[in-house]
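Colleague: The hints should help you fit chain B onto chain A, whose structure is shown.
Residue numbers (our numbering), protein chains in the order written: chain A, 1 to 123; chain B, 1001 to 1947.
Some hints here could point you the wrong way.
[Unchecked claim] Straight-line alpha carbon distances no greater than 27 Å define the calculated DSSO-like cross-link-like pairs of lysine-lysine that follow: (1) Lys99/A / Lys1547/B; (2) Lys1547/B / Lys100/A; (3) Lys1548/B / Lys99/A; (4) Lys1548/B / Lys100/A; (5) Lys50/A / Lys112/A; (6) Lys1790/B / Lys1826/B.
[Claimed, not checked] The calculated label-pair distances, taken between Cβ atoms and stated as ranges, are: (7) Pro1497/B / Gln43/A: 29 to 35 Å; (8) Ala1401/B / Arg106/A: 42 to 48 Å; (9) Pro1497/B / His26/A: 16 to 22 Å; (10) Gly1575/B / Gly63/A: 41 to 47 Å; (11) Gly63/A / Gly1520/B: 52 to 58 Å.
Hints are computed from structural coordinates only; laboratory data are not their basis. Note that CB positions come from ideal geometry on N, CA and C, so glycine has one too.
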Amino acid sequence: MSFIPGQPVTAVVQRIEIRKLQHGEHLILGFSIGGGIDQDPGQNPFSEDKSDKGIYVTRVTPGGPAEVAGLMMGDKVMQVNGWDMTMVTHDQARKRLTKKDEDIVRLLVTRKSLEQAVRHSMM
Amino acid sequence: MPAEVKQEQSPSNQTSLAMMQEPQEMVEETVTIEEDPGTPTSHVSVVTSDDGTTRRTETKVTKMVKTVTTRTVRQVPLGPDGLPLPEGSSPLGSYTDSIDRRYLKSGERYITTPQATSTLTRSYNNYNDSYTDTLPTDAGGSQYGGRHYGLHDGYGIGDVTDNYGSLSRGVNFRPPRYPYAMANSYRTENSYGTLPIRKDDYGHVAQPQVPMGSSSVDLNRSQPERFQPEPYGLEDDHRSLGPEEEEPYDLDPDYSTASRRQGTLPGTNRGRTVREPLRDGPRVRGYEDPIEAELVDERHPYSHGMYAAPLAQPERGSMASLDRLAGRRSPSIDSIRKDPRWRDPDLQEVIAMLGHPIDPVKSNAAAYLQHLCYENDKIKKDVRQLKGIPVLAGLLDHPKAEVHRKACGALRNISYGKDHDNKVAIKNCDGIPALIRLLRKTNDMEVRELITGTLWNLSSYEPLKMVIINHGLQTMTNEVIIPHSGWEYEPNEDSKPRDAEWTTVFKNTSGCLRNVSSDGAEARRRLRECDGLVDALLHALQSAVGKKDMDNKSVENCVCIMRNLSYHVHKEIPGAEKFTDPSAMQAPGSVGPQRKKKDDAGCFGGKKAKEEWFNQGRKNVENDKSYDTLDLPKRTEPTKGFELLYQPEVVRLYLSLLTESQNYNTLEAAAGALQNLSAGQWTWSNYIRATVRKEKGLPILVELLRSDADKVVRAVAIALRNLSIDRRNKDLIGSYAMRDLVSNLPSGQQRPAKNLEEDTVVAILNTIHEIVTDSSENARSLIQAQAIEKLVAINKTSQSPRENKAASHVLQTVWSYKDLRNALTKEGWNKSHFQPTVSGALKAAKNGKPGYDDTTLPLMEKNQGTKKNGSGDMIPMDELGPDGYSTIDQRDKDCKYKSSGDGSVDLTEREPLKNDTNTKHYVRSNRPAVNLVDACDVKPQPVDSWV
Chain A
1 MSFIPGQPVT AVVQRIEIRK LQHGEHLILG FSIGGGIDQD PGQNPFSEDK SDKGIYVTRV
61 TPGGPAEVAG LMMGDKVMQV NGWDMTMVTH DQARKRLTKK DEDIVRLLVT RKSLEQAVRH
121 SMM
Chain B
1001 MPAEVKQEQS PSNQTSLAMM QEPQEMVEET VTIEEDPGTP TSHVSVVTSD DGTTRRTETK
1061 VTKMVKTVTT RTVRQVPLGP DGLPLPEGSS PLGSYTDSID RRYLKSGERY ITTPQATSTL
1121 TRSYNNYNDS YTDTLPTDAG GSQYGGRHYG LHDGYGIGDV TDNYGSLSRG VNFRPPRYPY
1181 AMANSYRTEN SYGTLPIRKD DYGHVAQPQV PMGSSSVDLN RSQPERFQPE PYGLEDDHRS
1241 LGPEEEEPYD LDPDYSTASR RQGTLPGTNR GRTVREPLRD GPRVRGYEDP IEAELVDERH
1301 PYSHGMYAAP LAQPERGSMA SLDRLAGRRS PSIDSIRKDP RWRDPDLQEV IAMLGHPIDP
1361 VKSNAAAYLQ HLCYENDKIK KDVRQLKGIP VLAGLLDHPK AEVHRKACGA LRNISYGKDH
1421 DNKVAIKNCD GIPALIRLLR KTNDMEVREL ITGTLWNLSS YEPLKMVIIN HGLQTMTNEV
1481 IIPHSGWEYE PNEDSKPRDA EWTTVFKNTS GCLRNVSSDG AEARRRLREC DGLVDALLHA
1541 LQSAVGKKDM DNKSVENCVC IMRNLSYHVH KEIPGAEKFT DPSAMQAPGS VGPQRKKKDD
1601 AGCFGGKKAK EEWFNQGRKN VENDKSYDTL DLPKRTEPTK GFELLYQPEV VRLYLSLLTE
1661 SQNYNTLEAA AGALQNLSAG QWTWSNYIRA TVRKEKGLPI LVELLRSDAD KVVRAVAIAL
1721 RNLSIDRRNK DLIGSYAMRD LVSNLPSGQQ RPAKNLEEDT VVAILNTIHE IVTDSSENAR
1781 SLIQAQAIEK LVAINKTSQS PRENKAASHV LQTVWSYKDL RNALTKEGWN KSHFQPTVSG
1841 ALKAAKNGKP GYDDTTLPLM EKNQGTKKNG SGDMIPMDEL GPDGYSTIDQ RDKDCKYKSS
1901 GDGSVDLTER EPLKNDTNTK HYVRSNRPAV NLVDACDVKP QPVDSWV
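Chain B with its partners taken away, still in its complex shape:
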């Protein structure tokens, strides 16, 4: 799937946290691009989402501060309390000492609460002292600072970033504890030793247990930088207060698995022995009062010094487990590690912890899983195979916010990526309804972001789309789309209409709907009939236009949904047949098939038609206008629901987007929507085609032919083709768009600067064909645009059979106008140039003419028909839409072609667009583009704009 590819890309793109957040899994089905909301997990990133960079910076700052603190602590001179320092001279040595000493203390004092308090105080004091003195003096200190920076830098790297993110998350997790970090010299030191980071922090928790100073040192060192999720480290800091008191607590009690394992390790025993004594009291408490412990956490540590120690334990235990896990993450880390006594929980153990009776353990385990899974497909797969996904899904219904939040975060990461099996696994354990339930239940914005992000990820896999629709469509609409769009069922007259809010939740949800909207006719029907969805999306888009805020992802998603829902609207909406007005075929706006055929057969007829048009078009503008106006159906009541999709009013919306947006995907989707709406032969498409003209949309579209974005050019070209079903449009387009169309064609084997894809070239050729069919005047414009040379070159030399076939169709049509042959001959062309190239692929094209009967049929249908018949005679249009979804599918194709780079496309494409806009405006001023407009007055643009 293309989407998956994109996901993959996202990691690379996401050097920064921000990037991570908006991971894009773009699944492009249909028009839609599916993006993963933010697979990347980090908490921080979530926060950051839009301006990740800035935030990230802030985070770093925070860390810096903390680091300093840590360092200070470290400096606090700890007397070697009976424990020999392995590396006495080194700073680390001191670290060890301190740990040991405290350990002892804690052991001794453990029972007495007052002592604990005192300890805390003491460390706090130390902190202060050392802080001032030490920093300047200590060489180590300076290094320390440097290291932290290094870490931060390291974050730029994908893995690191993740850790970082997780770190932040940890921070958010327990703000109240933060003060502890400062107080705790212990923690600080750990982090210090560890340089690389969080590992140390983690180690801290565990460290108390470690008897040997040396061992602790090693541990710290062993920590690989990449692992470290500083975030965790931060958490440790928070808990650091507890350590002394908590030490007794030990990991073992909480994590039975972890303890067990340790026992087996040679080194572990030592640690244990030391711990044992400490453990007793605290441990018991922890088990007994997990809830109380949590409550305590919420309080300010200082104020509750007494309680802090015991209470903290349970959590602390969880942290400890995390720490260990952390080490596990990369094999390299493990290999680096020299002390066998320390080891992180393996994946199986982490998953086991998800079922731990103590909630903080669950949430920490889930958070750690999220961290581990970030951009690591192997781990995701392992989690799945170890049956971790059902456990996580089960935690979604957990009453504690912390637990279901972390579980959701883990699921989001697991659901992101190419491996559809992970997505299926989530679905198989009823994860989708569980997510939807949680969405209904929670008001926590962060959880909602995670839920909708997960759904977005899941929606990129075809088989899950309908499942998501079945379980979540109305909920997502009611809970997210409608409230965030600003639309109201029954607008209160007193209140101003609200603007849409481009929240992450809205972005994720619209991305999800965008994906599922591509799942075929049934999916489209469900979305169209979903109460309030179309209304809300339109309101959101109108709000975007009003605020001139049209480049963001949410707008893109909304337009893509609209485009998908507009596809085949003339066939699929209930009662569509009523609108298939046979008389419309004879209306001035269109040409009936029979008449057309006649014109085609005799070039004289074509010319006559043309002249007719001149008379009508130029002299009877008034009549035409009244015709258009009159024909618009009168409404007795306000339109709502899916009917809004094809009301002529939407034309202005799409044209505004086409004029203002700089997002290529949005431009493409808006052009695609017009393309869809102008296809088909029903009353509404007639109105749409006329409305585009009356709203001065043709020049807008023509200018976009100059876009640098291949897909935009293609969508616009096809839209112009559909619009030219309207006779007047055809003539206007033929007169004023021909040069732009032709300029997009390659000259023989030489590609133009734009280097358009084959699909685009074929689309343009087909549009040209449509325009010159039945109009010798347009054929003359084509000749004047120097197109014959290019067409002949393509016909003869293009490597693409589709291209030379399409070019050949155009050439044949041109040659069929006998009154033009004179001119052509004068320029040195002869009949042979207009013959199809004889090649296997093109043989069928030779007798193409007879197949033209349906030229007037809606292009879409032609497509389908062609496909079914498989006849090469048909208009090459068939090439565009393999399965009749021409609009939608193109997107898909597009994605496939670009699969390698799509993740970045969104971001990078904007730049080139700027140039494009420039060109556009020059064009506008220099050329009679205005003439494309029916009524010649161009509205004066605003004279004055605030910026």
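Same shape as in the complex, but just chain A:
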């Protein structure tokens, strides 16, 4: 998905609500992210547009909260709890996802095959 800076982005998105899991002392979501405006977008294996500096889901823990909620590897995270994730640094995204005072994270994600996503989310 490409976009023109300064222009609104149109994307088909899916809402995913992940309830964090208490893991030791930490609350975990069970996935990992890559990307960010401070990262080299050329190395992102999931993006179509290799200049896309968005945040992507790179790995999902099997059986983890994220997988349970329907998040999939390769998803592009558009928003986290209403916060834009398309123009943030990697670390900023990480922080936004790991707020200790939030038990639930609501994501807006987009992925290549929406149909697949819909099917998946209904399972």
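Modeller: Just chain B now, kept in the frame of chain A:
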């Protein structure tokens, strides 16, 4: 004291139990914020500490269950045994009946143990029956449930909460008895009638005594909701089994005072007469075997039905007393109460009970005091005036855990708040050494939390700080800080280094140390030299960074301690003079005073210096690096103790905190630590300044200038000022930080969006002044940043003499660069704009130039010097630190300004910070902030992060 204010606030904040627990008494001395650990007492809260909300919910659930039970009991139809029901039709009436009836039973059966057992059983059965049937049917039942909810809701309110907390505590207190509650229809009913709660429960105990059904009803009603500590109610439930058997027991025996009083009351007599017969047997037993009684308590009631009754008595008595006390708590309650026969023990009586020979009475009395004192300054004062504090302190050495725990809880609440007299009273009866003794002795986590919480509270009062240091520093370090930090004296090579545990005990203790670390040079010396303290704190912070868990209170406390201990480190550590290296003045990193003066006098010189820098800085990076590296002293053995405070390695730690933490206080303290370490003209501060640059710390600091938190901006601005003592830092900061500095300045009378405080604006102006001094290049950057307009506006129109003085200094410096005047004139400025505003406050500033000799001196010292001289000529920096503690004091000031809201600051500030972080990152990506870094490569950030 600011701290006190905060304490006060905490109550308001603490709608929830959780809040209560972390009451913050923030005393801010020095950098430190002192918070009271949890004044709020409730047991529950303690448990909850971190996620109070959740726990609280759980508690409620429990109560609900119990309530239901109670209700059921109530429904159990009790035949009016000979006693007329005052309100026969009402549910309450039934209640009364049951009570009376049982009472009679107990009286009759009292002697026979078997009977007691049977009674128990019976009620139990009743319970079951009624439970099923009644609930649905009973309108009353439904109401009941509703009421309980209401109560719970009520808990949200401060007072209620307290009660709640105490309730929970009661529950924890005697788990084994719990089953009784179910069994006891009696209790249940009471609570039922009482709706409001615990009062009823309390009443239960007492009630058996009450002859009149009506009276009991009234009592229940009279109970104000707020009073009720359900917790107590719960306890009652536990004991309810006993009631029948115990009834004879009566309060009177245990509480001689209470009994006495009752006698005087008109109504009491009646109750007594009834009781008397019952009493005899049980009472005696209770006295004789208090210990045995307690033991029994531990057992499961059912299994020991026989024993239960007699044994329970002593405790029960205590409970009863509590119940009565409960009523006392608020006058309104008393007024509501209509039945003169019932009355709660007054404060004096409760305090007298602290000396009661039976331990459970003591502990209950102490628990009740804790409850009464919660957020009630009046009661705290009364307890003090009634000489209750020495008694409580004496109980700290009591061998029974239950007793010293409750006493400690009461002391914690009493020690919390504005009233320093309470704190002094604890100190005067040697409460501090007693607390420390207990800390050494006990392994009970809860007791340790209470002890350290009390110490935290006490540490907010200046005169007590040294006392705490003298008695408790090493103990707190050895018992709490070191073990919880994960640091080990001699790390075992086999074992992995341990992480810090952010326990409540650690939080409380670090809060206490944070407070005492602000007590001046001697306190700092003691803490620095305390064996293992600095090592453990650093280890804890490193662990926090490693785990990316940097927003919590413990981390904040640790950083604040580090900041305080770093203050004046270049003067105060033993042998510091050895490191005051005169040659350092000539090193590339800094500019010697004489040279500087020369530059200043002739602008040509300044320019020349600048060009020199260009040549060096840009072309000889390699040389510089090697210089820095070479100069770092080689270590023959691992650094330990206070030397760790100023090793260049700490720079990375503070920078990590500055990058990652979202806690404003932590950010401020970390910036303050860098500020302290980079002040002064000794070898180590040179290293620190260079290390900050090499660790790419300048862009981190500059970005924080955009923080929404006033105090963060201020601390960062001052740190940048100190860092710019290093010539290369100065140039980098001048080139890349100027816009951010200027954007924080108000435009004339109009404040910028951030609306920074005067202190902050002055700090920024002083930093700008430092940066443009000796650097016409930086002055040019300042002009390009559109600062002149703002500076002129501040100079002319600011309401603050300090602000316009500081602005005036900057303007004069800028004007002194003759090569810039052309540019300035073109923009429409003339000399008059750069003149100090003529006002009384500023007259001294006119001849400010000559005073510049010491510009190169460490800023801190300048501060002090200025203060001493009182000369207005000096760099306005003096404004910042009234007494040379610039770093530390700022904190203090800050607190004072915000005294009204500080309690909540910690919690609320995080939100705005989020936005801040966003901004930060944009800045990073859009601007050449990277250039602030010496070596231009920014490390690639992690490509992949688990969340």
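Colleague: Each hint should be assessed against the structure and marked as holding or not.
Modeller: How the hints compare with the structure:
The hinted pair formed by Lys99/A and Lys1547/B meets the criterion: a straight-line CA distance of about 14 Å does not exceed 27 Å. Distance restraint check for Lys1547/B and Lys100/A: the Cα-Cα separation of roughly 13 Å lies within the 27 Å cut-off, and the hinted pair is therefore satisfied. In summary, the hint linking Lys1548/B to Lys99/A is supported, as the alpha carbons are separated by about 11 Å, within the 27 Å threshold. Of the pairs offered as hints, the one joining Lys1548/B and Lys100/A holds, with about 11 Å between alpha carbons and a cut-off of 27 Å not exceeded.
With a CA separation close to 15 Å, the supplied pair Lys50/A and Lys112/A stays within the 27 Å bound. Simply put, Lys1790/B and Lys1826/B have alpha-carbon atoms about 17 Å apart, close enough for the 27 Å limit, and the pair holds. Roughly 33 Å separates the CB atoms of Pro1497/B and Gln43/A, a value that falls within the hinted 29 to 35 Å. Evaluation of the 42 to 48 Å hint for Ala1401/B and Arg106/A yields a pass: the beta carbon distance comes to about 47 Å.
Checked against the hint of 16 to 22 Å, the pair Pro1497/B and His26/A passes, with Cβ atoms roughly 18 Å apart. About 59 Å separates the C-beta atoms of Gly1575/B and Gly63/A, a value inconsistent with the hinted range of 41 to 47 Å. Remark: the range hint 52 to 58 Å for Gly63/A to Gly1520/B is upheld by a beta-carbon distance near 57 Å.
The structure fails hint 10 only (numbered hints given earlier).
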